[in-house]
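Visitor: These protein sequence lines are chains A and B, in that order. All letters in the first sequence, in the order written, are residues 1 to 507 by this note's numbering. All letters in the second sequence, in the order written, are residues 1 to 332 by this note's numbering.
FYI, nobody ran anything at the bench for these hints, they're computed from the structure. Fair warning: there could be bad hints in the mix.
What the hints assert, rightly or not - Not the full set, but computed from the structure, chain B residues with beta-carbon under 7 Å of chain A:
hint, residue
1, 17
2, 39
3, 45
4, 77
5, 81
6, 178
Unchecked claim - Some chain A residues judged to face chain B by a derived CB distance under 7 Å, without partners named:
hint, residue
7, 8
8, 15
9, 17
10, 28
11, 67
12, 117
13, 118
14, 136
15, 185
16, 503
A quick note: this is a predicted structure, and the numbers were derived from the prediction, not measured. The beta carbon of each residue, even a glycine, is placed where N, CA and C say it ideally should be.
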Amino acid sequence: MTPPRKKKLNLKKRYELMTRGLDWETSYQKMDDVFPYDTFEGIKITDWSKWEDPFRLTMDAYWKYQGEKERKLYAVLDSFAQNNGQLGISDARYVNAIKLFLTGVTPLEYQAHRHFAHLGRHIRGVGPRVAAQMQSLDELRHAQTQIHTISHYNKYFDGFAEFPHMHDRVWYLSVPKSFFDDACSAGPFEFFTAISFAFEYVLTNLLFVPFMSGAAYNGDLATVTFGFSAQSDEARHMTLGIEVIKFMLEQHPDNLPIVQQWVDKWFWRGHKMLGLVAMMMDYMLPKRIMSWKEAWEIYFTEAGGALFEDLSRYGLRVPKYADIATDEAEHISHQNWSIFYQYTQAAGFHTWLPSDEEMAWLSEKYPNTFDKYYRPRFEMWREMEARGERFYNNALPQLCQTCQIPMGYTEPGDPTRIGFRSTEYAGERYHFCSDGCKDIFENEPEKFSQAWLPVHQIFQGNCGGAELSDVLEWYHMKNGTDNMDYTGSPDQKQWDAWQSVRKRVAG
Amino acid sequence: MSIDIKTVNVEPKRQTFAHVARRLGSDKPASRYEEGVFDVQATKHFHYRPLWGPEHWHFDEGRTAIGMEDWYLFKDPRQLYYGTYTIARANMHQTTDHNFAFEEKRDMLANIDPAWREMIVGYLIPLRHYEWGANMNACSISDAGYGTAITSAAIFTAGDRLGIAQILSRIGIVLGGGDGELLDEAKQQWMEADAWQGVRKAVEDSLVLKDWFEALLAQFLVMDGMIYPLVYNHFDTEGQRHGAAALSMLCEFMVDWSAEHNRWVDAVVKVAAKESDENQALLSDWYGTWRDTMTEALAPLASMVMADAAEAALRDVHQQLDDRAAKLGLSI
Numbered sequence: 001m002t003p004p005r006k007k008k009l010n011l012k013k014r015y016e017l018m019t020r021g022l023d024w025e026t027s028y029q030k031m032d033d034v035f036p037y038d039t040f041e042g043i044k045i046t047d048w049s050k051w052e053d054p055f056r057l058t059m060d061a062y063w064k065y066q067g068e069k070e071r072k073l074y075a076v077l078d079s080f081a082q083n084n085g086q087l088g089i090s091d092a093r094y095v096n097a098i099k100l101f102l103t104g105v106t107p108l109e110y111q112a113h114r115h116f117a118h119l120g121r122h123i124r125g126v127g128p129r130v131a132a133q134m135q136s137l138d139e140l141r142h143a144q145t146q147i148h149t150i151s152h153y154n155k156y157f158d159g160f161a162e163f164p165h166m167h168d169r170v171w172y173l174s175v176p177k178s179f180f181d182d183a184c185s186a187g188p189f190e191f192f193t194a195i196s197f198a199f200e201y202v203l204t205n206l207l208f209v210p211f212m213s214g215a216a217y218n219g220d221l222a223t224v225t226f227g228f229s230a231q232s233d234e235a236r237h238m239t240l241g242i243e244v245i246k247f248m249l250e251q252h253p254d255n256l257p258i259v260q261q262w263v264d265k266w267f268w269r270g271h272k273m274l275g276l277v278a279m280m281m282d283y284m285l286p287k288r289i290m291s292w293k294e295a296w297e298i299y300f301t302e303a304g305g306a307l308f309e310d311l312s313r314y315g316l317r318v319p320k321y322a323d324i325a326t327d328e329a330e331h332i333s334h335q336n337w338s339i340f341y342q343y344t345q346a347a348g349f350h351t352w353l354p355s356d357e358e359m360a361w362l363s364e365k366y367p368n369t370f371d372k373y374y375r376p377r378f379e380m381w382r383e384m385e386a387r388g389e390r391f392y393n394n395a396l397p398q399l400c401q402t403c404q405i406p407m408g409y410t411e412p413g414d415p416t417r418i419g420f421r422s423t424e425y426a427g428e429r430y431h432f433c434s435d436g437c438k439d440i441f442e443n444e445p446e447k448f449s450q451a452w453l454p455v456h457q458i459f460q461g462n463c464g465g466a467e468l469s470d471v472l473e474w475y476h477m478k479n480g481t482d483n484m485d486y487t488g489s490p491d492q493k494q495w496d497a498w499q500s501v502r503k504r505v506a507g
Numbered sequence: 001m002s003i004d005i006k007t008v009n010v011e012p013k014r015q016t017f018a019h020v021a022r023r024l025g026s027d028k029p030a031s032r033y034e035e036g037v038f039d040v041q042a043t044k045h046f047h048y049r050p051l052w053g054p055e056h057w058h059f060d061e062g063r064t065a066i067g068m069e070d071w072y073l074f075k076d077p078r079q080l081y082y083g084t085y086t087i088a089r090a091n092m093h094q095t096t097d098h099n100f101a102f103e104e105k106r107d108m109l110a111n112i113d114p115a116w117r118e119m120i121v122g123y124l125i126p127l128r129h130y131e132w133g134a135n136m137n138a139c140s141i142s143d144a145g146y147g148t149a150i151t152s153a154a155i156f157t158a159g160d161r162l163g164i165a166q167i168l169s170r171i172g173i174v175l176g177g178g179d180g181e182l183l184d185e186a187k188q189q190w191m192e193a194d195a196w197q198g199v200r201k202a203v204e205d206s207l208v209l210k211d212w213f214e215a216l217l218a219q220f221l222v223m224d225g226m227i228y229p230l231v232y233n234h235f236d237t238e239g240q241r242h243g244a245a246a247l248s249m250l251c252e253f254m255v256d257w258s259a260e261h262n263r264w265v266d267a268v269v270k271v272a273a274k275e276s277d278e279n280q281a282l283l284s285d286w287y288g289t290w291r292d293t294m295t296e297a298l299a300p301l302a303s304m305v306m307a308d309a310a311e312a313a314l315r316d317v318h319q320q321l322d323d324r325a326a327k328l329g330l331s332i
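So here's chain A without its partners, still in its complex pose (with noise of 0.2 Å):
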């Protein structure tokens, strides 16, 4: 052997040997064998090594970023939970957007833990696989973080308690489950598609923005840390979705249209499970940052224009239906929060109807259709809760097969009318609420006729029982606790409790 002697290696090498060198062909099982998954979707890769790591991280580094960083969130939520940092929130109105949070999204980040673990163990190429595994532990910190952020909150107020009960079982939330059971049980390059690109890249602002400056103007100190700290994962997981994009246009030619189909669906997947978010800004908030319309605008409308441009030098165009859904943001939150407002009875967290000053703000948000469409409809709710006649929507709704949201949205261009599509596959009629969701279904029928939806399930017999409380016993929701007008609830009382005592400590 030849002495050593003193060398140096550049940062891009080191990184390289510390990684892709780990692996080898094997000899002894097929290739194939050991990666079974990477094939079957048709995308062609030609030579993994071409693959241009987006961020360079060894373990260690990975450990002591990482955990610095948990330390101090850590050492945040310590102190809002001895210092009674749930007293210093805008309004006990507000927490129902944590309740929607911890039902309806960190069960996703523990899925997506699973499957980029998938994605880490499966995709041939050593550079991604190894940027999966780490975006893996992210998720996996993601949803344990949420966990505990929020588990002060859940000592304080309802609703919170049941989370993973109800995110497998209430109908709203088998929205945002049947999207990412639709992205883990899609091959691997369709869920980097879905979750790297088409999520954590197009849309992730849409989602990160309004819940955590949502907290952020709320005064939940506790939330917006946990949102800043996994800001810096976010930023690796968008760099691994535009690289995943590109290598994959990349690689072959024939790669163009599965992928444009691939971003065509996730796009609209993505589009309707974020009108959950869009309700929750415009209606939830007692203190607003900025409309859903104006959202949309600055990170799908500018910023999503400008990547997709940059994209077209591959050939990949702007998601289809992109003009329709521009079009729906003035109508998607107005539209939910009407649904939700029926059916209070069944949700797992509080509704009210809009005071005049926030109907007044909706009014200028969206000069376009809330005055013209959605306050009468408002008026005459606050009429009949005057009268002693809440309204309650006491019939089970149909559901679109593909989105499941109940079929309350309107035809594009005509918002008077309720819009409906169907096809029939196998002898059997489906249902849907869109082009867009009937064309996703229609490419991949087999699948989504499969669809666990929550209405056909209690038709069935399957949910606890025909009554609604029998369901609401299934969905483990404590009727008069965790459901219904936040007028008259528990976490209104204890609220308006605290502030009384507050003042007279204060005064």
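Keeping the supplied structure of chain A fixed, place chain B upon it in accordance with the hints.
Guide: Frame of chain A, contents of chain B only:
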């Protein structure tokens, strides 16, 4: 002087989440491990069969033949959740960094007998590929396993194995004077040298196992349970006699890590074996098969490093592992 700080008296309505309280037996304060792990995985009403394997749901108990009434009996005795995991590893690695700096400054690896340096390239550096195989198995377990208790600990292990592979790579780089030539040499040994083919075959065979629990037992209990004491104890002791004390310092992470990791592995295997006679029989069967495979696979490697002392070293490793497995409830 004592002062009276005026605060609003707020009483909690509950101490923890309902599913956690059900597991603790009553509503009482829960640890962050318990809240961050219990029941976090979805268990019911999945929507679509995976395109990549329609015989199971993506989270499915049927991905192993091991049966459990409750998958959260696999509690991690280390109580690791993401925060405690990253902080613990960052601390451990700080010592490793310190040791590397100390040795590089004094050029300590240069003092090892040249012949033994060659031996290190032959027995230690190829282990970075073994660790990468372990990383792949850990990812598989996190992917296919059932319940957050298993999947979270498995992805931490995946991170650990990548980290260890990188420490071994670093040793190879320092030993080679700063570039990657020795890593290439070591890879060639892994691919071609007779001493390694039994181990490489066992690793590749483990990568195509369909049952994640078998992969867990094969990788974490048997393969690690033989390779770690053989390499970091017996081979290391042999190295001391060739002036390789400096190497021991650089391998400290692996020694400490392995002791910690075994606590988790033992807890998991013990709980699974105790659950039912069927589990116990299956685990014992897997154990016997993999132990015999590994005993045979390691013989040429051991004799390369330890010559005449190899047989005794392997016998010792074998015996220690059998004793450990018996304590976990397996039939030997």
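Visitor: Please name the hints from earlier in the document that this structure breaks, with their numbers sorted from lowest to highest.
Guide: Hints 4, 8 and 16 contradicted; others consistent.
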